[in-house]
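Asker: The chain contents come next:
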Amino acid sequence: MSLLKVSGLTKTFGGVHAIEDLSFEIKKGTIHSVIGPNGAGKTTLFNLLTGVYTPTQGAVSFNGESVSGKSPHYLAKRGMSRTFQNLQICMNMSAVENVMVGRHLHMSHNPIAAMLRLPSITKQDKACREKAIELMEFVGTGQYIKTNADAMSYGALKRLEIARALAAEPEILLLDEPAAGLNGTETAEVDELIQKVADSGVTVMLVEHDMKLVMNISDYLLVLDYGKKLAEGTPEEIRNNPAVIAAYLGA
Amino acid sequence: MFEKLNSPRTGGLLALILAVLILPLFFQNTFHYDVAIHVAISATVAISLNLLVGYAGQISLGHAGFFGVGAYSSAILTGWDFGWSPITAMLVASLAVGVLALVVSGPILRLKGHYLAMATLGLGIIIAIVITTEDWLTGGPDGLSVEPLTIFGLSPQGEAQWYWVFCVVLIASVWLSLNLIDSPVGRAMRAVHGSEVAAQVAGVDTTYFKTLIFVMSAMFASLMGSLSAHYSGFVTPDIAGFHHSIELITMVVLGGMASVFGAITGAVILTLLPQMLTGLEDWEMVIFGLILMLTMIFMPKGLVPTLLTKFRRGEA
Amino acid sequence: MSVEFLQYLFSGVTIGATYALVGLGFAIIYNASHVINFAQGEFIMIGSMATVSFLAMGMPMPVAILLAVALAVVTGMLLQKFAVAPAKNADVVTIIIITIGASILLRGLAQVFWGKSFHALPAFSGNEPINIAGATIVPQNLWVLGVTLVIVAAVSWFFTKTIIGKAILATSHNADAAKLVGINTNMILLFAFGLSALLGAVAGIIVAPITTTSYEVGIMLGLKGFVAAVLGGLGSGVGAIVGGLILGIAEAMAAGYISSDYKDAVPFVIILFILFFMPSGLFGSRGTERV
Amino acid sequence: MLKRVAIKGAMALAVSAALISGVQAADTIKIGSFLAVTGPASFLGDPELKTLQMYVDKINAEGGLLGKQVELVHYDTAGNAQKARTFVKRLIESDNVDLIVGGSTSGATLAVIPLVESAKVPFISLAGAVAIVDPVKKWVFKTPHTDRMAAEKIFEDMKSRGFKKVALISGTGGFGRSGRAQATQVIGKYGLELVADETYGPKDTDMTAQLTKIKSTAGVDAILNFGFGQGPAIVTKNYKQLGIDLPLYQSHGVASKKFIELAGNASEGVRLPAAALLLAEQLPDSSAQKPVVVKYKTEYEQKYNSEVSTFGGHAYDGLMLAVNAIKKAGSTDKEKVRAAIESTKNYVGTGGVVNMSAEDHLGLDLSAFKILEIRNGDWTLVK
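Residue numbers (the working numbering), protein chains in the order written: chain A, 1 to 251; chain B, 1001 to 1316; chain C, 2001 to 2291; chain D, 3001 to 3383.
FYI, nobody ran anything at the bench for these hints, they're computed from the structure. Note that the coordinates shown come from a computational prediction; the quantities given were computed from them, not determined experimentally. Some hints could be false.
Stated by the list, open to error - Pair ranges (Cβ atoms, derived):
hint: 1; chain 1: C; residue 1: G2126; chain 2: D; residue 2: K3334; range: 57 to 63 Å
hint: 2; chain 1: D; residue 1: L3381; chain 2: C; residue 2: L2142; range: 35 to 41 Å
hint: 3; chain 1: C; residue 1: K2166; chain 2: A; residue 2: G29; range: 51 to 57 Å
Just so you know, even glycine gets a beta-carbon here, dropped at the ideal spot from N, CA and C.
The task is simple: from the sequences and hints, build the whole structure.
Answerer: Structural data, given as structure tokens:
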């Protein structure tokens, strides 16, 4: 069954169509990649799916619930998590605290209890910290646990974002160019990491330029061009799709 | 053990308590107590303002307005027209300020950066103008005298007793703030500052948390306004004015944003400095402005965070 | 149109023109560096107080005015070079506090060297009231309007037609890109502060014969100028000018038709109201945040 | 780590506390003062401080008081009443002053009254509001004429000119607010009617709107402006600009040459109540005040090379009342000095002839005020 269903999705900025009449589905437990040339609307699509932007037209349903126009934190509550192409790390916090923010939905938000530091809070907080550390080790940033976020390298921050997104225990994880700006070794590590995440049962949606990485790990691909769907299918099908070849070679 | 002493919650709090206990040994007269009390009042307000500005990243240039509403509400409600008990008046005032903050927070907290600065500044100035103008209620520019404070039949007499009252309040607020910052609520708040969109996709209802901290910090300012009104026995519109707002935010920024002890340091400096500069007569403003500028130019993160980083680097 | 209305309008437009010039100063600096300069009001003070003091030294009026404007421009550039530039990566609030410190410093210096009393500049061309359809103005009102018009025209010509003006605009859009195409962005910032100081000083000088001046005159005018700039949408020159005029007229109308008690609150009520419904002011850009 | 910082902070605090406690001076008579030397009311505080400094120096040069030197301890309140409270505490507790002469604005004075009352320190205020001495407070005195007296004097003059309807415009600062309240209270006594009531902010730069409203109010016979600072000068200019031909009265808040300078020829014909000091040489030789005011005026203007104002005069009177009282008491015993001030009789000062009593801590009557008119850029006595 499909976890995420998009139909007729359209977003315009001042008359320009960034996404135009886009429909597709994502099945549970798959790795689904979105590819396309620069400006094809991939990040815009992510922003629409996660509620950062409001669609001009069309519908998004998640687990059978219509969620178009809902706020990001509502979608997060429903089990949607993401990373960003341009890092969105809280530089005013330590690395582990960034990941702990990711567990926000699983924590108590009573300010009075927090101010009084009631035992229930400290207990929960301790568990949260342990979980965050575990996740940092999982994504391979174990050595940065006490480091401030602003003292970490770009590659480490990319992985820290994934840890933060995983901390929410999402049903679907949207990764926006997780390998951008990384060198070969780092890319391979991220490749492995995504595979690990998918194996743990999380549906992954991926925007990526690195074709090798994409073809390697994706179950399905969606090809965008100028905000429209150009092609859709398994890596094998896409590789042989004449329209895709034309667009990529022609460009 | 040493690890714990190094943390702000244990070590910092202990040091603060120690300082509060030792300081009176140096006090020679009630004026010294008075200065210390002013430091404590400002520090407490600055800490709550720092939660909003330093931790949650929302500028407020109108916080003295809330302080003023608290002070004036207490003055008016405990006055002969109403004759309420100070504690009731204080709580009601703080609730009213909370409601006011809640009402305006909707539209105000959608704003960012300089627009937010402008809106809060405007709000503070409007409050000050209302207080100055409605003299049938507030005594106008000449101010209003305030009944003494009585809580459960007890009433602090003289500066020395008030000193302990305000120090207890200060220490309590330091403890509560440190707890809050290091909690899921506090992290959500700081995430709003670090990256609003990241916080949102992590499931943080940023509007709720911004509103929460804005309302809390306004209510806190109001409570301190009430207390300080009872202490000084007199309120004038100056306490709600633009200059007081600027003074409060300066304490936060000078001492160090996102640092509880920074707010205290800022309050100490901004309260003592004018007292120390009095001998300079006409040059007072020049020196004050210069100190403010130089500190911020060379330590843009504020005194405490900058010095801490220096020390840590030295240790490492 | 009743005589009263016309009178309120004249009064509002005159004071509004001052707010507009100060607001334009805010907008220019904001455009070039995304800094709100809380010391903007002090340029007004320096312009008018320096003119007063140069006149007292026996200089003729035009010389005194020129020197006063030059002094303000130099002050503005020094402020940029030694206070704002070193802190360019600091937090918004930190820079606000730096400029507040600068304004206290400048006010303090003015107080030490020029004293604390109020002064009036002589009117540029007499005080004989002029009657227009029953309402009266003094010739200085016309000076204020005329000079404001000329300056606004000159500034808009400057930004659209001259290389430096275009460079400032380019820097404001994207400082890194501007650097890449060879624009000396440091010079541009310096220039923006100088220009904005010039506007403030001129505003201060042309209204001083009407409003009197003292070392403290910058505080309120500076604040109102800030309101004007935000009302127009920060960074929009046209916005700042329209904003200033709206504020001035609204103040005068409020004093005339509603209550003079709350006249000073009017600009702030307007700005809150506008921001509640248009979070980026009247002419501000409403782009979607990029993530 | 943080602890170390905090301890350093505490030490710094302690050191500064020691610093501000001040060095306990040798055997001097200490006169404390807190004035608005900067800020919007600096035109009050500035001449007041200059006067105090000049005459304290003079007293010391002439051998001091009771054989001791006089020390003036002064703090600038910048017109902020909250600051005034802290400084008065400092004067009383830390500097141990024998008596206080100060408080430029009514707000600052009213705010510190509870402090001086409970500390039992004689305090001579230099501020205008009638509320300072009405009701009488045991330790508080004042030298300037009250705003109520100013209003009464003005209305007396209006009545004598046969006016009926008065338009009031006032500043929203402490002085204007208080003046407006007093004017509204006493106007009935003179059979006059208030037909317009406008206000302007202390930093306003244009009052044409308010004056236009007054201009279009029917039947106004005269306009009264209660305010100080640059406000009244702008009111006067705007009044001229609008071509209003009604008589304009200002309060005693403009009683300095600065007003004429700021308002220029618009001030011609403006009337105001003021102390004899402004007339000085113009006073008839029969006036008891003439030698006092001429002497003060000459000395002040020689030393500071700027025009004398009644505000400096209030400080002169305050200091002299204090000095006389200490002489009379023969000590600085606070109760004795207080009693001596209260028993002041026939002190001829710049503000008038002062006769204090237990019921009257001001000691001036309406005769202390003269109605002046500005003619040819100078004060002239209205006959």
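Asker: Check each numbered hint from earlier against the structure, then list the numbers of those it violates in ascending order.
Answerer: none
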